[in-house]
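*Asks:* With the sequences and hints as input, model every part of the structure.
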Amino acid sequence: MEITDVVCALCGCVCDDLVVEVEDNEVKKVKKGACSVGKSKLMGHGRIKSPAIRENGSLKECSYDDAIKKAAGILAAARRPLLYGWSSTVCEADKVGIELAEEIGAVIDNTASVCHGPSVLAIQDVGLPSCTLGEVKNRADLVIYWGANPTDAHANHMKRYSYISKGYWTAEGKKDKKLIVVDVRETKTAKVADVFIRIEQGKDFLVFSALRALLLGYEDVVPEEVGGVSKKDLLEAVRLMKEAKFGITFFGMGVTQSTGRHNNIVNAIQMTRAAHTHTKFSIMPMRGHYNVNGFNQVCTWETGYPFSVDLSRGYAWYNPGETSSTDLLVRRECDAALFIATDPGAHFPGESIRHLAKIPVIQIDPFANPTTEFADVVIPAAISGIESEGNVYRMDNIPIRLRKVVDTEYLPDEEILEKILEEVRAIREKEGE
Amino acid sequence: MAEGELLIKNGVVYDPINGVNGEKKDICIRDGKVVEEVKNPKVIDAGGRVVMPGGVDIHSHIAGGKVNSGRLFRPEDGRRGLEAKTKVCRMQSGYSVPNTFATGYRYAKMGYTFVMEAAMPPLAARHTHEEIVDIPILDNAALPLIDNNWMTLDYVKSGDIDLLTAYIAWIIKATKGYGVKIVNPGGTEAWAWGKNCDLNDTVPYFDVTPAEIVKSLGEANEKFEMPHSIHVHTNMLGHPGNFGVTMATYDLVKGIKPSKDRQVLHATHTQFHSYGGTNWGDFESKADAIADYVNKNEHVTIDIGSIILGDTTTMTADGPMEYSLYQITGRKWTNHDVELETGSGITPFLYSGKSPVNTIQWAIGQELALLVKDPWKVALTTDHPNAGPFIGYPILISMLMSKKRREESAADMHSAIYDRAALPSIDREYDLYEIAIITRGMTAKALGLHEHGKGHLGVGADGDVAIYDMSPEERDAGKIQKAFLNTKYTIKGGEIVVKDGEVVATPAGKTYFVTPECDDTLTEEMLKKLKDKFEHYYSVTFNNYPVQDAYVPNPYEIKAPMRG
Numbered sequence: 000m001e002i003t004d005v006v007c008a009l010c011g012c013v014c015d016d017l018v019v020e021v022e023d024n025e026v027k028k029v030k031k032g033a034c035s036v037g038k039s040k041l042m043g044h045g046r047i048k049s050p051a052i053r054e055n056g057s058l059k060e061c062s063y064d065d066a067i068k069k070a071a072g073i074l075a076a077a078r079r080p081l082l083y084g085w086s087s088t089v090c091e092a093d094k095v096g097i098e099l100a101e102e103i104g105a106v107i108d109n110t111a112s113v114c115h116g117p118s119v120l121a122i123q124d125v126g127l128p129s130c131t132l133g134e135v136k137n138r139a140d141l142v143i144y145w146g147a148n149p150t151d152a153h154a155n156h157m158k159r160y161s162y163i164s165k166g167y168w169t170a171e172g173k174k175d176k177k178l179i180v181v182d183v184r185e186t187k188t189a190k191v192a193d194v195f196i197r198i199e200q201g202k203d204f205l206v207f208s209a210l211r212a213l214l215l216g217y218e219d220v221v222p223e224e225v226g227g228v229s230k231k232d233l234l235e236a237v238r239l240m241k242e243a244k245f246g247i248t249f250f251g252m253g254v255t256q257s258t259g260r261h262n263n264i265v266n267a268i269q270m271t272r273a274a275h276t277h278t279k280f281s282i283m284p285m286r287g288h289y290n291v292n293g294f295n296q297v298c299t300w301e302t303g304y305p306f307s308v309d310l311s312r313g314y315a316w317y318n319p320g321e322t323s324s325t326d327l328l329v330r331r332e333c334d335a336a337l338f339i340a341t342d343p344g345a346h347f348p349g350e351s352i353r354h355l356a357k358i359p360v361i362q363i364d365p366f367a368n369p370t371t372e373f374a375d376v377v378i379p380a381a382i383s384g385i386e387s388e389g390n391v392y393r394m395d396n397i398p399i400r401l402r403k404v405v406d407t408e409y410l411p412d413e414e415i416l417e418k419i420l421e422e423v424r425a426i427r428e429k430e431g432e
Numbered sequence: 000m001a002e003g004e005l006l007i008k009n010g011v012v013y014d015p016i017n018g019v020n021g022e023k024k025d026i027c028i029r030d031g032k033v034v035e036e037v038k039n040p041k042v043i044d045a046g047g048r049v050v051m052p053g054g055v056d057i058h059s060h061i062a063g064g065k066v067n068s069g070r071l072f073r074p075e076d077g078r079r080g081l082e083a084k085t086k087v088c089r090m091q092s093g094y095s096v097p098n099t100f101a102t103g104y105r106y107a108k109m110g111y112t113f114v115m116e117a118a119m120p121p122l123a124a125r126h127t128h129e130e131i132v133d134i135p136i137l138d139n140a141a142l143p144l145i146d147n148n149w150m151t152l153d154y155v156k157s158g159d160i161d162l163l164t165a166y167i168a169w170i171i172k173a174t175k176g177y178g179v180k181i182v183n184p185g186g187t188e189a190w191a192w193g194k195n196c197d198l199n200d201t202v203p204y205f206d207v208t209p210a211e212i213v214k215s216l217g218e219a220n221e222k223f224e225m226p227h228s229i230h231v232h233t234n235m236l237g238h239p240g241n242f243g244v245t246m247a248t249y250d251l252v253k254g255i256k257p258s259k260d261r262q263v264l265h266a267t268h269t270q271f272h273s274y275g276g277t278n279w280g281d282f283e284s285k286a287d288a289i290a291d292y293v294n295k296n297e298h299v300t301i302d303i304g305s306i307i308l309g310d311t312t313t314m315t316a317d318g319p320m321e322y323s324l325y326q327i328t329g330r331k332w333t334n335h336d337v338e339l340e341t342g343s344g345i346t347p348f349l350y351s352g353k354s355p356v357n358t359i360q361w362a363i364g365q366e367l368a369l370l371v372k373d374p375w376k377v378a379l380t381t382d383h384p385n386a387g388p389f390i391g392y393p394i395l396i397s398m399l400m401s402k403k404r405r406e407e408s409a410a411d412m413h414s415a416i417y418d419r420a421a422l423p424s425i426d427r428e429y430d431l432y433e434i435a436i437i438t439r440g441m442t443a444k445a446l447g448l449h450e451h452g453k454g455h456l457g458v459g460a461d462g463d464v465a466i467y468d469m470s471p472e473e474r475d476a477g478k479i480q481k482a483f484l485n486t487k488y489t490i491k492g493g494e495i496v497v498k499d500g501e502v503v504a505t506p507a508g509k510t511y512f513v514t515p516e517c518d519d520t521l522t523e524e525m526l527k528k529l530k531d532k533f534e535h536y537y538s539v540t541f542n543n544y545p546v547q548d549a550y551v552p553n554p555y556e557i558k559a560p561m562r563g
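Those protein sequences? They're chains A and B, same order as listed. Note that numbering that gives the first Met the number 0 has the first sequence beginning at 0, numbered continuously upward. Note that numbering that gives the first Met the number 0 has the second sequence beginning at 0, numbered continuously upward.
A couple of the hints might just be wrong.
If you anchor each label on the Cβ, the simulated ranges turn out as follows [as the list claims (entries may be wrong)]: (1) A:Asp23 x B:Glu556: 38 to 46 angstroms; (2) A:Lys244 x B:Lys498: 37 to 45 angstroms; (3) B:Glu523 x A:Lys231: 57 to 65 angstroms; (4) A:Tyr167 x B:Asp518: 25 to 33 angstroms; (5) B:Asp206 x A:Lys158: 28 to 36 angstroms; (6) A:Ser229 x B:Asp197: 38 to 46 angstroms; (7) B:Asp206 x A:Asp219: 55 to 63 angstroms.
Only some residues are given here: those of chain A computed to face chain B with a beta carbon under 7 angstroms [unchecked claim]: (8) Asp4; (9) Val125; (10) Tyr314.
Hints were generated in silico from the structure; no laboratory data involved. We put the beta carbon where it would ideally sit given N, CA and C, even for glycine.
*Replies:* Encoded structure:
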């Protein structure tokens, strides 16, 4: 059976025109629309087979009920629990997660904390002049990727939405456009750019400042070389920006997680505002996981804040640096953690992992990963977008509903969390809290 | 809806739709609806207090992409409204951009039971509905933005009103929306290139004018028996001297016959569109001219969009307007243009009584309410949160009811109010009957919701009741304000949801949406063009676009047949 309009649950591109061949309740072929990574996810790979609880150092398979009871017991007893992940699951699950965090007074945080969190802080400082990806496709004649390498990380991005795509005023595709890539090394994306600006590691802030100055007409204050880039090349970039009818800057973790962090993004946005005095100019973060944005959305409308929210006071307390996951772990504050649809074992600094090894850890995930190696309770989940449906937010805030294409025995994240929440409430009621 | 019976006795009832003006009257409710009599009810003794139907807000931004972007980029606003969870309530945050839970609780405490989300970008409609589901208590609906859509612009240009009719039917159904929202027609499309449009300018590349867009959508809307008229944010919002454009826009639809007994055009947040002068230096109120137009014509209703002094978060699909505002203040600015459809901008703003312009703006909103003679033509709003947060409604009610309070306030503000505004010279004071009209009766009628049990307490109406802790004789403005901020009781569908100013139950609200029933042949013809737009220009597929039923768990469908 051929299923059309399948939505890819991999990266922030959320391509929604996949065609998938399903036979005997199995994805046999991805016929259209997906990049190689998206295809690989749809075709499936090593699953966590069964719920399990660690006993004497090794995971012992158990029933869903037992794993859920064990997880609820850990969370109900914890004084400073952390609930982290949430970016590779659907908004419906995120909502239950926030309710669970509220119930137990947990800190809830998503992967933005170690990814585009600095972008959020910058937006809170200066705002974000942006647009949907279809605007870029139809109108943009200048595309800038800065500290981002879509050819490898968001493989369909240029084809569907930006440099290569064809739209209303861009019917000739890349012939109608210019592509500037700014990076510290010559990435695959840089190789296809019209202009590649190679900057020195950690000098993004300076280069943004120089471009801002030039856009605002202060050529005299810009030295002959800034961050490894000649003034001539900077002036050429500014000429392209001013001459564009519609410009867009996409920025990645090369900017958010290098020297300067959120200050880089503030400056990038200020550069966009400066460019906007000449022409239409927008800017957009290249969000990684398919629903990292969705968690930030749900968390914002429910708690008032997008990530790193501490609910121990009964109301939301937001102070990244104090209430962000790695900081809490490095300070050894947490006494229990739940990780869902994520892998801190691979992504968090060693010091926080050392603390995680000492506290009870619950993992909810379809797939085994390094976190499984130290998790005390492991709960397998259905794969969102293949085995269960739900809402996600693309990197440009467009909500799209993931489709279910095959059936599964595994429970969806939302249902697992609801059961844990129910169990936690039962425990707390018994204890008279 | 609560099962069982409820009797509210000894209340002084203001139910304008049924002509009830301050009568001592019992209200009987069974299974969530108002009935003639009850046999074995739970009894609430209103003790001579003021009783009104649940409030109906005609225009407020409470859910969706730009509201959430406002929350996200203003953690400082979040901190102004933190309240811990209780046994009944979830956590609360925010003042001008409250979280979804606080939105439901605070409206309910003011006695409101229905709120219209006033701007839903069709492509992001799922987002609006996702948030609406998280707003407790309130019944709700949302108006999709239809005026800058390329489909609309194409059909306006070609003059195919029938196909435009088919398109608006499709998009209202696809978004689970309630009617036709127009925001800076043509101007928002122009903003995608960094430009704007006045009423008779040509929209870049599309060869149509905003005036043609308004007129065509006005005609198309009346092809169906739509509960609501077109809902219009006119061009040039916030520009000195815009009152002429505002009235010229009203004139465009004057000859159109409404398909139901209501206005042809609802003009929203009219305060922002009633400006005289040529620049910020000679800026003055033209509320008198706008009110005069409304007094002399029957096809237009307005809501006031009155200012609440203090800091707020402005947000609108009128992208160029927000850019202008950000250029004035230099504060943070978010913009989000939406492909083929609309845009939006957000920036914080402080309305200061020390500023001559803000002072005159403050006067204009109240002048509109006081100078429009027939309260059935005017609704109380703050265009939440643009002119101020909805939590300021009780302040406005007390102002409209007390000339003394207005005089006291004006004395603390910029003296421009005495030279360039009319407010100090107006003696009129609203009575409670008129307050009930502009907060429930008129709004329910203008939205066509009175036929669906909202805004009144006649037999068959929803059992939505507000009991305010004040006697009808109360004249103290401070006490009036206090009473309208926190009800003695708010009853929603026969269930007590607020008691003594505290939320005691949080049932889910219903989502009202309209299904315009368009001729199949026309729809097929229209779909050819629409599918081509999806094929080539949208970034999502045609099949993934419509809002799925899962997003509207508590639906209330209103069918709008084609006019015979």
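*Asks:* None of the hints should be skipped; say for each whether it holds.
*Replies:* How the hints compare with the structure:
1. At about 39 angstroms, the beta-carbon gap between Asp23 of chain A and Glu556 of chain B stays in the expected band of 38 to 46 angstroms.
2. Taken as a hint, the range 37 to 45 angstroms is violated for the pair Lys244 of chain A and Lys498 of chain B, whose Cβ atoms sit roughly 59 angstroms apart.
3. For Glu523 of chain B paired with Lys231 of chain A, a C-beta distance near 58 angstroms keeps the hint of 57 to 65 angstroms intact.
4. Taking the beta carbon of each, Tyr167 of chain A and Asp518 of chain B are about 29 angstroms apart, inside 25 to 33 angstroms as hinted.
5. Between Asp206 of chain B and Lys158 of chain A the beta carbon distance is about 32 angstroms. The supplied range of 28 to 36 angstroms therefore holds.
6. For the hinted restraint 38 to 46 angstroms between Ser229 of chain A and Asp197 of chain B, the CB-CB distance of approximately 45 angstroms keeps it satisfied.
7. A hinted range of 55 to 63 angstroms for the beta carbons of Asp206 of chain B and Asp219 of chain A is inconsistent with their spacing of about 44 angstroms.
8. Among the interface hints, the one on Asp4 of chain A holds; its C-beta lies about 4 angstroms from the nearest C-beta in chain B, closer than the 7 angstroms criterion.
9. Residue-level restraint check for Val125 of chain A holds (minimum Cβ-Cβ distance to chain B is 5 angstroms; threshold 7 angstroms).
10. Below 7 angstroms, beta-carbon pairs count as interface contacts, and Tyr314 of chain A has one with chain B at about 4 angstroms; its hint therefore holds.
The structure is inconsistent with the numbered hints 2, 7, although it conforms to all the rest.
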